[in-house]
Amino acid sequence: MLDNMKEIDKSDLVSEVKKYAEKKARFVVAVCNDLLDRFEITYFFNDTPGMNMSTLRTTIGKEEVLPSITGVYLTALLNENEIKELFGVKINDIAIDFGGHMLLAGDSPTLPMLKASPETAMKGSE
Amino acid sequence: MPRTIVPFGPQHPVFPEPIQLKITYEDEKVVDVVPALGYGHRGIEKACELNDFQKNIYLCERICGICSSIHGIAYCEAVERLWPLEIPQRAKYLRTIFSEMSRVHSHLLWLGLFADAFGFESLFMQFWRIRERVLDMIEMTAGHRVTQSVSVIGGVRRDISAEQKSRMLDTFKTVKAETERLTSVLRKDYTVKARTVGVGVITTEQAVLFGCVGPVLRGSGVAEDARMQDIMAYKDLEFEPIVEQDGDSWARCLVRFRECLQAIDLIVKALNKLPEGELAVKFKGNPPAGEVSFRHEQPRGEMFYYVKGNGTKNLDRVRVRTPTYSNIPSLLLMLPGSSLPDVPIIVHTIDPCISCTER
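So the protein sequences, as listed, match chains S and F. For the first sequence, position 55 matches number 55 in my numbering, and the numbering has no gaps at all. For the second sequence, position 181 matches number 181 in my numbering, and the numbering has no gaps at all.
Keep in mind that the hints were calculated from the coordinates and are not lab data. Hints may contain errors.
[Claimed, not checked] Here are the computed distance ranges between Cβ atoms for each label pair: (1) Asp-107/S / Gln-11/F: 17 to 27 angstroms; (2) Glu-64/S / Lys-273/F: 25 to 35 angstroms; (3) Pro-84/F / Gly-71/S: 35 to 45 angstroms.
We put the CB at the ideal spot given by N, CA and C, even for glycine.
Let's have the full structure, built from the sequences with the hints guiding it.
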């Protein structure tokens, strides 16, 4: 039900994102979903001018490394650091890499957004 | 020239909430900026996965104090699209009115804080004095001044009576007249112009490439506003985005000022056209499996909600991207080259909301 979605391989991610930058599209957000055995990352772009949205989706294994798109859209830096910190997605070459310490405090749960996190397990057993 | 790194925040008079900017200066010129977050993360998205989808409304309304009703509305609009549910026409209008009341009080709050940031205390007090009247209207209709809970899945739970409508029309007439009186101060005062014109410039192309939203984007000449979509009653009200071309702090200030007056007009128009009918549509069961996104315009800019349902009472995923999250990276562009006293002004023109950003 997402608008104009295109599924791509992670090896094509940066080149596909560059096409959006060339079209002067505005980066909106990247959303990560934990599918238990893999991660699904969806990138949303606004087709400027106007309010139409396009999406790119890539799926990677949990041990795979995702290329950063901050070389094209610097604005994705908070987004990529967040995905790295909260989900544990390995992302290479983020323009400003906070090293997994952007949002969480030292004593926070690690990788809290993973489906198998302790909070989720507790909820399931209630 | 030796370089000095100055931590700007997390506690600073210009920041109502904590964020740090590690600013590198060469003499008094900014040469580099690195934002540091992490002072207000609450794990709200995770909590949304663990809660019943209806209880999430209250969680989302607590993402931000200023735009609480807009967060609740946007969450409900997103979840309703999973079925999809068509909400009553009256509910669409009421959601529009509550959204625009949030915008008026948020922009008046910002205009006051902005005046305060460059030491114009009397202007600050005037804007906040006017804002009190708007908060009174919000309290009268929504029941609270700050965290307002007006939306439910399928519609709204607060109505506006004929008596309230008449009082609102009178009050917003006064609010508009009083706000317009401050126009000449804003437009003619030497101090305001001296501190803002040509300061923190971001071009049209840069604003798009840096993913800017809201008054930051529109202040750089891009006519994009989530209210241009066919959502709620905005199409009926013939909404047009407000745009300024110069891309500097003054342009962003003007966009907010003009939007404040426009929001009052939208409220009046919506009140006059408010259709009769039900407040909410009934629905059964849990949201079906699927994924949707929804965008609404907060006072600070475009807000994005993504929800993924799995057919149970718990949603699989809720992702909230707030406007400040998109506007913070633009500081990396606006601040370098500016001088030390301009930093608070420029930072202020993105209207940072950190509780929103960190969720």
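>> Going through the numbered hints above, which ones does this structure break? Give me the numbers in ascending order.
In response: 2
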